[in-house]
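Residue numbers (the numbering used here), protein chains in the order written: chain A, 1 to 257; chain B, 1 to 458; chain C, 1 to 581.
There's no promise every hint is true.
Derived DSSO-like pairs: lysine-lysine, alpha-carbon spacing no greater than 30 Å straight-line [said to hold, decoys possible]: (1) A:K91 / C:K108; (2) B:K452 / C:K394; (3) C:K158 / C:K199; (4) C:K108 / C:K205; (5) A:K81 / C:K31; (6) B:K263 / C:K31; (7) C:K9 / A:K141; (8) A:K91 / C:K319; (9) C:K101 / C:K158; (10) C:K180 / C:K319; (11) B:K452 / A:K144; (12) C:K9 / B:K263; (13) B:K263 / A:K81; (14) A:K81 / C:K21; (15) A:K66 / B:K202; (16) C:K264 / C:K97; (17) C:K158 / C:K22; (18) C:K575 / B:K263; (19) C:K31 / A:K66; (20) B:K72 / A:K98; (21) C:K113 / C:K264; (22) A:K81 / C:K205; (23) B:K263 / C:K21; (24) B:K269 / C:K264; (25) C:K97 / A:K123; (26) C:K108 / C:K264; (27) B:K452 / A:K104; (28) A:K66 / C:K22; (29) A:K13 / C:K9.
What the hints contain is simulated information worked out from the structure, not anything from laboratory work.
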Amino acid sequence: MSDMTDTVKISTKNVDVFYGDNHAINDVSVDILHNTVTAFIGPSGCGKSTFLRCLNRMNDTIDSCKITGDLLMDGEDIYAKSVDPVQLRAKVGMVFQKPNPFPKSIFDNVAYGPRIHGLVGNKTDLEEVVEKSLRRAAIWKEVKDRLHAPGTSLSGGQQQRLCIARAIATAPEVLLMDEPASALDPIATAQIEELIDELRHNYSVVIVTHSMQQAARVSQKTAFFHLGDMVEYGDTSTIFTNPVDQRTQDYITGRFG
Amino acid sequence: MLALTALLIVGLAIGFFILSRAKAISASQGVLANLHSRPSYHGTYVMLWAMIVGLALLLALALGWNAYLHAKFIADIRAVLPDARDIQINLVLSDAMAIAAGQVSSKIDPLREATAVSFARADAVRIWATVAISLGGAFIAGVVGMRNISADWRARNRSERIIRGILWASAAVAVLTTLGIVLSLIFETFNFFASIGWRVDKFLFGTRWSPLSGVHDGQMDMDKVGAVPLFAGTLMITGIAMLVAVPIGLFAAIYLSDFASPKVRAWAKPMLEVLAGIPTVVYGFFAAITVAPFIRNTGEALGLSVASESALAAGIVMGIMIIPFISSLSDDVINAVPQSLRDGSYGLGATKAETIRQVVLPAALPGIVSAVLLGVSRAIGETMIVVMAAGQGANLTANPLEAVTTVTVQIVMLITGDTEASTAAGPAFTLAFTLFCITLALNILALRFVRKYREKYD
Amino acid sequence: MVSMTELSKIHNSPESAARLKKRRAAEWRLKAYGILAIVLAGAALITLMWSVVSKASGAFTESYISLPVYLEADEIDPDNTGDPTIIGRANYGGLSKDALKAAFPFVKSRGDKREMYDIISGGAAFELRELAMTTPSVVGQTLDFRFLASDIADLYLKGSYGELIEQNAGGNLTVESSGKTAVVNSSAADFAFVMARLKEDLRGKAAFNRDQAALQENGRAVFVERGDLVEAAKREAERDRLIALAIELEARAAQDGGTEVLDKSSPSVLVRMGETWVKLTAVSATGGEGDVIGTLRNVKLATGDWQVYSQDLPEASRKVSDLQIVLIENLRSAGVVETVFNTRFFTAGDSREPELAGIWGAAVGSFWTMLVTILLAFPIGVMAAVYLEEFAKKNLMNTFIEVNINNLAAVPSIVYGLLGLAVFLGFFGVPRSAPLAGGIVLAVMTLPTIIIASRAAMAAVPPSIRDAALGIGASKLQTAFHHVLPLSMPGILTGTIIGMARALGETAPLIMIGMVAFIVDVPTGITDSATVLPVQIYRWSDFPERAFEARTSAAILVLLVFLVLMNGLAVFLRKRFERRW
């Protein structure tokens, strides 16, 4: 698999995003590589979450949002007329900042994606997919005896892993994570980070975080955003040890944040 | 006269305010900071006392003495006419009162004239004594209050305590109202059940309703007080109303909260509010004049026989009335489902419809159930539409094209009918008590659902 | 075994695309249901408004008929005192009738006279009396008095009883009259068109009979199936009778030429020659015979100045008779009928006569009732809200009060009416039918609304304001009354107005406390007997006279105007003053 590591999964070029009159993202170009964890870092309000939400067209739900530029996934334009955002989001899964399990059982939460997309034909296969997803999200052991308890009954960290399992169960190719550990305690955070490292073997993962340590721990590539600009993009080790731009340096040395 | 007295008491109290304020200022010996409370509080304190004592005495005497006089004269007249029925004795008294007041009475005879003379005398005594006692009480309260005024007198704390008492009393009016409703309903219900020999089952499960046709010596024919046709009619009209209101209201709410553009929302929501603001009597007129004939003609064109006061017409119009109720309550709860849940679903590649059906609606279900329950409660208690457009005869049928009657229609018919009030009140209040219990239960159930919902998302 | 990587390929498969199409269709359907729901609700609103507005227009105009009336001095004021009480005693109804008799001397029979009198309102005589009493100088004179038209005359003038349609008549008419009846003949086929209409009417009746026969046939079949041959035979006989009738009617309709006999259930045909009319009882293509309305002595004359009219609504299906139509048409030709804006509707009290009935009494009753309601409900409601929001500690008593208020908001309004009946009327002796009683009941009913709205408005005031006031040494009471209450006043007023608007439209509880009585006088205080607008609407809607339908609709419009104004005020207050913290 490592031979695929350098292939580009999603390529973006000269992307601008506007919210009404507000210019939120300014001329950003980043390539998301296959089987790689890419981290978007930067101070809050710098546009990293907005940009992440462009990758699976979650911004479509906001009426005033306008996006220009090229966003290609496997060489195909994400924003082409022929692409249905529903289909796209099945391929580009997303995990949100706050765990948001549906008010359903743990099983139904995970089975939601496979059911709506018709991934499996029978109950046994569905159970298998659910189990695999829960195992891969490293929560199987904790919930295997209470699959029919409501998802909201879990702890915060468990809920977030459930949400990750839910995203995995849809069988995406790319996984977007919007500050997935910001609402969690350090132990749960460590579990999630471990999980992200695991997931890299099967998916391209893009993670938004404002914790530089987290970015350093889990990612291979890092993009630094500042006030809607993408300031610097490169190997994580380079960015953290030898940044080119002064703003990046100021940020990682803690001058602002 | 008594209203004038109330004004006089208020005037007197204001006078005490001015006097007390002046006395407090003089007690301060020129330096207001010497006073514990500002002069206005001294004034307020005395004023409140004078007003409360005066008005309380006025109210108590005006009502109590009046009731006493009535009871006394009823007893006196009964002593003269031992065999007369209640209604005749009441008529004699009201005629005597009319003569005393110099108005036209239905009949003039020696008994009435004698009663009028003594009533006029007793009533004059009552009025003047009431005026004197209540004004005197207010005056004494004011004088006593003023004697307390000194620099150290904590007038502010004391008047604030009184005001808080008044505020509390205002809040307690709600409890008094409930108490009044429950007591008055229970009292007549008790009488009614006593008059059918406590065969409550005959009322709840009997199928013949014609309570006034079998009255004999204050006893009702227990075979003619079966309220089942009324309950069935109410249920049918409510059911038709909910069949109209729930789908339309719910789909409208879903559309407005998750599909509609702000532009559509901007005119659709006020439109629903207008529907909610139309008085029920207008809906009743609409049902009787427009909808019922339309349904009748349509039915006849299809070869069906439709009653001119069909349950269908009343039910449909009642449904229209309840649409905004369901839609606005559902809209609220659907909007309250956190956006993060919707995002979670969209993020997995679900369509809007899938998100609404499988995530939003299950999450909002308790709130929607509560909206429907409140809607049912409204429909059951709704009066004007059914009075104007539904039938009056108790008819046990499952055919919505026939005329049925409802609990509220029967209450109105009994109370506004020609039968003696004391006879008609029994069944009417018993029906109202049943209605009260059902709507109360529905309301409590609905509030419980809402609370469950709130606990989840607030 | 399911492989996750294999699964992810499904997303790009044609099956997935096909599935997506279905999913999008489902989404489209849900959206369509939503739009349909909104459209249905809108259609209901528009239908309701239209049915009210379209019926109301008739109530905003009234008709007058000017006739010369001789106020004979010997009858009214023989001693020429000029004293209004003496003048007031005369028989003005008789004088009004005399005026009509003078205008139509040919109306002789008692039945016809009664019909004639019915074209002016019974109230006109009172207005004549009023005029004579206020201006005694008119006594002894003949004056042109504007008599108020009766409801049926007014409705006819407004076209509510179908139109009198003039047909082309080109020939010369010969009339042979015996005084009471006449035979008319035209030189041309001027009645052919009328005949065609009559035949159409016959065909309609025949079709109706055939429909009825079909129903009888259904019934017969049912009874045959049940084995009840006696009933079946009855149905069969009835069916055959109806079919025979239909065949006969159809034969009459198919017949060419010939003569048609007219009765009360067929369209009316009237021949007019100036002021004299002939109401046909039999008609052919070129003429017919009928009853003379007007003066036509034993003559035989020929004229080119004539018209033929048809009225499609049969006499039996309308309140206004052919005679009355002729009289009104003659008056109309004489130019003495006028239709003017109906100010009476806005200034008069209730009446059993539609043309005299107005809403002023009910409007004033509503005003007094609302006055009592707001004077009670506003202060008590606001004080209760202040207590619950600013002072109440969380204890059993206060929780009980809160639960009570919430439940009271859902109690059916009719129950409040019974509370009023039992407690306020029965126990406290508040006068029946009075705005005082209605106001108290509506106040009790509106209280929960006001309390809930006021609490919400106060809860929206941020705690920092309270902290600031308490911090500089204000007492809790001062904080509440000096800071929280003024800041929340727009919200409180909005809630109060909305509660009052609902109370203004409330009907059922007021019916319970006797405000449904027939009250002509305009109430002058809160203890007079009164009715209110919505109850007036309810009462009028129950009256059989057709003219009340327009008045009911018009009263609804007036009520809706008040409601729109009140709600508009509430919206204005909310937009103008409400602060978002």
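* Which numbered hints are broken by the structure, listed smallest first? -> Hints 1, 4, 8, 12, 15, 17, 20, 22, 24 and 25 not satisfied by this model.
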